[in-house]
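**Q** Could you put the whole structure together from the sequences, leaning on the hints where they help?
2 protein chains.
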Amino acid sequence: MTDTIKARLHVTDALSAGGSVMLADDQAHYLRHVLRLEAGQAVALFNGRDGEWRAVIAEAGKKGVRLNLETQLRPQQPVSDVWLCFAPIKQGRIEMIVEKATELGAGRLLPVITRRTQMQKVNTERLAAHAREAAEQCERLDVPEVAPAVTLEKLLQDWPQGRKLFLCAERNDAPSLLAAAKGEGPCALLIGPEGGFAPEELTQIMALSQVVTVSLGPRILRAETAAIAALAILQSVRQN
Amino acid sequence: MTDTIKARLHVTDALSAGGSVMLADDQAHYLRHVLRLEAGQAVALFNGRDGEWRAVIAEAGKKGVRLNLETQLRPQQPVSDVWLCFAPIKQGRIEMIVEKATELGAGRLLPVITRRTQMQKVNTERLAAHAREAAEQCERLDVPEVAPAVTLEKLLQDWPQGRKLFLCAERNDAPSLLAAAKGEGPCALLIGPEGGFAPEELTQIMALSQVVTVSLGPRILRAETAAIAALAILQSVRQN
Numbered sequence: 001m002t003d004t005i006k007a008r009l010h011v012t013d014a015l016s017a018g019g020s021v022m023l024a025d026d027q028a029h030y031l032r033h034v035l036r037l038e039a040g041q042a043v044a045l046f047n048g049r050d051g052e053w054r055a056v057i058a059e060a061g062k063k064g065v066r067l068n069l070e071t072q073l074r075p076q077q078p079v080s081d082v083w084l085c086f087a088p089i090k091q092g093r094i095e096m097i098v099e100k101a102t103e104l105g106a107g108r109l110l111p112v113i114t115r116r117t118q119m120q121k122v123n124t125e126r127l128a129a130h131a132r133e134a135a136e137q138c139e140r141l142d143v144p145e146v147a148p149a150v151t152l153e154k155l156l157q158d159w160p161q162g163r164k165l166f167l168c169a170e171r172n173d174a175p176s177l178l179a180a181a182k183g184e185g186p187c188a189l190l191i192g193p194e195g196g197f198a199p200e201e202l203t204q205i206m207a208l209s210q211v212v213t214v215s216l217g218p219r220i221l222r223a224e225t226a227a228i229a230a231l232a233i234l235q236s237v238r239q240n
Numbered sequence: 001m002t003d004t005i006k007a008r009l010h011v012t013d014a015l016s017a018g019g020s021v022m023l024a025d026d027q028a029h030y031l032r033h034v035l036r037l038e039a040g041q042a043v044a045l046f047n048g049r050d051g052e053w054r055a056v057i058a059e060a061g062k063k064g065v066r067l068n069l070e071t072q073l074r075p076q077q078p079v080s081d082v083w084l085c086f087a088p089i090k091q092g093r094i095e096m097i098v099e100k101a102t103e104l105g106a107g108r109l110l111p112v113i114t115r116r117t118q119m120q121k122v123n124t125e126r127l128a129a130h131a132r133e134a135a136e137q138c139e140r141l142d143v144p145e146v147a148p149a150v151t152l153e154k155l156l157q158d159w160p161q162g163r164k165l166f167l168c169a170e171r172n173d174a175p176s177l178l179a180a181a182k183g184e185g186p187c188a189l190l191i192g193p194e195g196g197f198a199p200e201e202l203t204q205i206m207a208l209s210q211v212v213t214v215s216l217g218p219r220i221l222r223a224e225t226a227a228i229a230a231l232a233i234l235q236s237v238r239q240n
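Protein chains in written order, with this note's numbering: chain W, 1 to 240; chain V, 1 to 240.
If you are wondering where the hints come from, they were derived from the structure by calculation, not from laboratory data. Be a bit skeptical, because a hint or two may be false.
Copies of the same chain are indistinguishable here, so a pair counts whether it falls within one copy or spans any two.
Unchecked claim - In silico lysine-lysine, BS3-like type, Cα no more than 30 Å apart, as pairs:
1) K90 <-> K6
2) K182 <-> K164
3) K154 <-> K164
**A** Pasting the structure below:
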């Protein structure tokens with residue numbers, strides 16, 4: 001029981017005292033060949049539902065790694081209800097959005113295709129893997145969902161009645177996100193592509209009653225900076 | 001006068017109506033061979049003092065690019081007085097701090113060597129070049145200064161009397177930066193290395209009367225995320 005925790009992994013299996021978990025493929029490879037762990041060494045497991053568990057390697061072989069669950073290290077915490085809707089940007093920077101949004105506690109990441117979006121194809125699985133890895137590293141107890149990419153029209157059409165949508169626009173006359181975000185209830189951020197939303201898109205967005213247009217300050221921010229800054233401000237105001 | 005602005009460059013020369021500027025080396029190469037600009041085409045120049053100017057290429061040759069200054073596009077704005085003190089982190093991520101801090105309007109970037117700092121050598125010139133490039137892209141009218149790296153001891157010893165220093169610590173019981181940053185006057189953020197400050201360093205820091213310990217929320221943030229998030233929150237509170 002005095003061993004250090006050597007790694008932190010997200011799994012899909014249920015976690016409970018006396019149970020065991022079998023890891024295969026990437027995760028088994030990572031424990032055996034990257035970290036070179038052996039039977040008797042401990043890792044932490046979480047699944048987004050059952051908290052974080054200390055698990056000790058019982059067997060590490062070609063078929064995979066079997067771990068025995070020992071004690072719960074932390075109970076599950078409520079999952080964050082903040083969504084981040086963002087226009088996909090080029091590789092390298094889109095991963096930055098996913099990684100930082102995970103660290104800053106976004107609950108759901110929604111790629112949105114807009115007129116000026118350069119990247120029309122989004123590899124949701126790759127982004128989900130990034131989110132999982134970021135969650136493992138930042139000690140979150142859940143992994144944010146990466147939703148399949150949708151068009152802006154579709155996003156607005158299906159927007160839930162009770163969820164505020166903060167449109168982060170490059171408009172100095174809008175109230176600051178800091179002021180507008182005060183309060184409670186489900187909410188989301190909407191960040192445009194490099195080059196911004198097209199005028200007709202802005203009209204469409206602002207026609208939605210759940211939308212609140214906000215400013216992120218006097219400077220021009222890159223798309224990924226806007227996403228990270230907005231999430232940091234929102235989480236700080238809401239104390240999540 | 002109807003030509004579009006093709007680029008935005010930071011220069012050190014004075015800028016005024018009727019003047020001209022000679023660009024050499026990297027900037028001349030960039031205009032001639034990367035953007036393939038020719039005589040008659042316009043760029044924007046700024047120097048952190050005289051606002052932003054429209055400048056038209058008069059001559060582009062082997063000796064460099066000569067530009068004639070036409071009209072002032074924007075007057076100079078007051079330079080931001082927020083400093084960001086940060087422990088250098090590995091390549092790729094330290095550039096992210098510099099780029100995002102520039103976008104978010106930091107006035108001065110101070111690399112600080114701490115006990116747990118992995119990177120003991122800081123290439124100040126390379127970071128300054130990153131800051132300049134980020135300023136050119138984000139439409140700032142000045143470039144934040146990248147100070148030479150100093151040890152934490154030296155930073156604290158020379159700390160200016162009238163400048164608050166917000167220590168961003170991984171402590172949930174500290175007041176939030178959002179609450180603590182309200183008010184006015186010169187201030188700075190201090191972000192630790194991966195792994196945090198050593199206990200004796202924390203004692204040293206907190207002994208300084210200008211220091212206010214703050215929390216960035218319940219999650220563990222990577223060093224660069226903490227720097228970006230803290231700056232976003234601070235600028236939002238101070239409406240800079």
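**Q** Next, verify each hint and record whether it holds.
**A** Hints and how they fare:
no.	hint	in the structure
1	K90 <-> K6	between (34 Å within a copy, 22 Å between copies)
2	K182 <-> K164	both (12 Å within a copy, 26 Å between copies)
3	K154 <-> K164	within (17 Å within a copy, 47 Å between copies)
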